[in-house]
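Heads up: the protein sequence lines correspond to chains V and X, in order. For the record, in the first sequence the residue sitting at position 496 is 496 according to this note's numbering, with numbers rising by one throughout. For the record, in the second sequence the residue sitting at position 209 is 209 according to this note's numbering, with numbers rising by one throughout.
FYI, nobody ran anything at the bench for these hints, they're computed from the structure. Bear in mind that the values here come from a model prediction, so they are computed numbers and not experimental data. From the three backbone atoms N, C-alpha and C, an ideal C-beta is built for every residue, glycine too.
In silico lysine-lysine, DSSO-like type, Cα no more than 30 Å apart, as pairs:
id: 1; chain 1: X; residue 1: K188; chain 2: V; residue 2: K105
id: 2; chain 1: X; residue 1: K180; chain 2: V; residue 2: K105
id: 3; chain 1: X; residue 1: K227; chain 2: V; residue 2: K94
id: 4; chain 1: V; residue 1: K202; chain 2: X; residue 2: K199
id: 5; chain 1: X; residue 1: K21; chain 2: V; residue 2: K314
Okay, the calculated beta carbon distance ranges per label pair:
id: 6; chain 1: V; residue 1: K482; chain 2: X; residue 2: Q17; range: 51 to 59 Å
id: 7; chain 1: X; residue 1: Q286; chain 2: V; residue 2: K195; range: 49 to 57 Å
id: 8; chain 1: V; residue 1: E216; chain 2: X; residue 2: K212; range: 24 to 32 Å
id: 9; chain 1: X; residue 1: T33; chain 2: V; residue 2: Q502; range: 34 to 42 Å
id: 10; chain 1: X; residue 1: K75; chain 2: V; residue 2: Q502; range: 48 to 56 Å
id: 11; chain 1: X; residue 1: H216; chain 2: V; residue 2: K155; range: 37 to 45 Å
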Amino acid sequence: MKEFKSILYDQDISCFSISCNLDFIKDLNLKQIIDVIVSFGKDYDLKEFFYTPLEDINSIRYRQEILKDLQQQQIFDVVEEFTHGMLQVNRYQKMISKIDYKEYKKIWFLQMSIVYIETIQSLITTLNALDFHSDGLKLFKKYMQAYIDSDFFKKFSLEAILIQKELDSLNYNITIDGIKFSVQRYDDEEDFSKKIKNLFQKFEDDTRKKHKNEFEKNSSANHVDAKILEFVFKLYPKEFLKLDSFYQNFHDFMDKTIQRFSHEVWYYLSYIKFTKEFYEENLSFCIPRFSDDGSIDVEDGYDLSLARKLLVEKKSIITNSYYLNDKERILIISGANQGGKSTFARMVGQINYLASLGLQVPAKRAVLCLSRHIYTHFEREEDIKNLRSKLQDDLFRIHQILSKAKQGDLLILNEIFSSTSLSDAFFLSKEIMQKIIDDDLFCVWVTFIEELSEMNDKTVSMVCEIDHNDVKNRTFKIVRKKADGLAYANSIAKKYHLSFEQIIQRISQ
Amino acid sequence: MNVYLMFNNRSFCLDKQRVEKTKDLVRDLELETIFKEMSKGDEFLYEISKNAVLQSLHEKDEILYRQEILKDCIKNQNLTREIYKLTQVPIKKKQDHWLSIFGRTPSSLLSSSVSLMEMYLGVFDELRILADKNVQKLESSGFIRLFQEIKDELNEKYLREIKEYLKELKFANGALISAKLGDTSGSKEYILRRDNSHKKGWFGRFLTLKPKRFSHTLHVRDDAGAKVLRNIRDEALNDVASSLSQAVAHVENFFDSLRKEIAFFIGCLNLLKKLEELDEPYCFAQLFSQDLRVFSASSLYDISLSLVMDKKIVSNDIKADEKELFIITGANQGGKSTFLKSVGLAQLLVQCGMFAPAKSLKINICSALFTHFKKEEDSTMQSGKFDEELKRVSEIIDNIKPNGMILFNESFASTNEREGSLISEQIILALLQKHIKIFFVTHMYELANSLYQKNLNQSLFLRAKREKDGLRNFHMIESKPLSTSFAKDIYKEIFL
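Taking the hints into account, I'd like the entire structure generated from these sequences.
The following block contains the structure:
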């Protein structure tokens, strides 16, 4: 077995390049999704990881396996707990480097050491009880076991705990009278707050909302607290001598690999937290499988950005399925306005992208053929100059895309040429279609030109489904079906529900 | 400690939503005149009276409980007004205290809580004396329980103990705070301690060795340092401040409740006084449960009209048990609306525990009272008006339950009579099936006659009778509906 280095990469990082193709990130609403995901781990700098898709299937599987392990609540909790501890250690480290008072430096150093030791120890005890299936976490466990058994860690923790115990037992009194204060040893004075609480017990009211007083805690170092510490050091000189030598001996005790793990693992933790609110609404996520033959089969997928918006608004979310067999490469989406076509196209792109990050995808089940690059061309309404220059721009962009795209890449076209005459659009579309077929690209093509769906054996037609009982009602279902160009009518206004039967029904409710 | 004069198991609260929802009721029954009489220009009394009248009770026991207390108040008017006066004392100081409660530090909260508490203790002393003096005279279970609780909970020994501690909480010699090492600021677990001096006599204090002690005084212009000290002090005082301010809030709540609940009875006494001046009768109604249909009254009058006219007005006698549908027809200005209002007002006042505007009254409790009165305004927009009427009915249907009650006044007259009658009849029959008590004042002969022909057991047809002498003597008599159509006559006149 290899030695543990990173929970994100099974190889050296140098062979990965950061993707910076902003067009598809924007068109697929991935930026807003990633912003939400990283907000679940806002103590860590995670953005870069989510903009670095993997090209190697084995690297993806390395992550998928780890994600699967971490999805178990027990494992998740253990790891999260651990990172919280490490975060606290990091904060101490920063604080100590900034402070000048020597009493503070020492007290904080001891506190930091204790947190570090406790964090490591509690991780070890819990790790032993857990079973991992992923290589990544197995290796990490092995690494941690070796670390805790090392002589260094043993000596370090023993000393820290001993000193901590002694200092913990110190009690002192501070008397505050205006701007004057004094410090002395504690002499068993009774707790005044408890006394008062007992006295007024009968006035306590469980139904009343407790008023929260606002007061500031002195959270950072300051000259007054430093003075108090100085007095305490003077009250107890023997105890503080030991602290001094501990501070000198263990100046640089942190393990770099462990530190790195506690940062990187938040890639998974933040994503799992992100998916949780979807699970709560019975929306599925799944770890995708990859097909060898180029076939694709996704069941009940959905657009994450829209789904999140609807979740917030408490509206229900429509899922859609799609598949491509054998030679099929191109999904032609047509149908009603605002029937969910763009949403569908986005969903396909998002699923592919998230799969290449080694994450779960928003679907009940997904078999994918991984596209290493995604290219999008969405209708841009903002920059209409004149029709000719717009068409020029469109074609220019498509040309750029087609010159870069390689076999198996995913191309998403949304309502291109919509402001061109039908015959022009038809002609251009046919030309582009041929290029897509020649390059053997996967493609999702939202268009009003239904004829494209029957051009050859590579194309599959999908249309917006209509509720025939209530044509006004949009189903947002996109189904694999011949394009039929139905017209959509609107329905009738409602009346006042005041017939005999209606009243009877309404009052009994 | 609870007041519990309005209900035997909970405190009375203002309910803005309820008041908002009953706007139609207030307007249609002209309730404002009653609220005004109850409050005599006092805003607080007005608010309470309005809320209490509009928050109807729906259980017989609840109503009887309140009636009993009101009877006690009527018998002991001076005591009632004295209690009310006691609850006025603390208001001003209280407002100053709570005005700035948000964003307050424990230190300032504590010191203002201490002084407030000291003031309340004084009021409690007076209240207890009042209770001791009067408990014998009272008969209602609510008053007896309240006075007993005050006696039990706030005995003199307890009050004295509190006073002593309050003095210590002023910290004449500085606040003693214990701490341990820890936290990023250096120390943690600040706990307010009680100086040991109360444990030892002066001799003990004299013998104790002075412990090792380090002191420091901040520079007078060291604001940052002073703030740190304040923060430590605040943290240590937080629990005490919370306990004490909570106790103050509780005591305050008690006085607040007492003030609110007594206010309702003060309102009733004010109204009663006016009725006595006008020589109008009043009585406590005999109550029947929701599933029964009882309605018998003698000298039932429209109390709001009486207040507006400022004189004794005409009343009606009615005996209509087991009736659920009242169709009221008759001449214009024959007193139909007045009768309808007197029915609604009686129902509403009875269901808030008050006396009823009648010499005697037997009545069943209803689950909720609604009014659907013709709106005088915007008479120009005929079609819009009909829509508006239907919308209002629809809203009532949304809110009403079986055993509810609706007063219709000239409803659906904004469309032609055929359409209006058809719709009205449909609505009435559906409501009857759901056991809703209906009073329907109408001009529509089609409707009245059609219902009359149905010969329903639970229906009663009343007609406003105009005396021959031309003076309107508004009396309701039981009578089948009369056609007011003149068309035939005119036809005959012209053609025959």
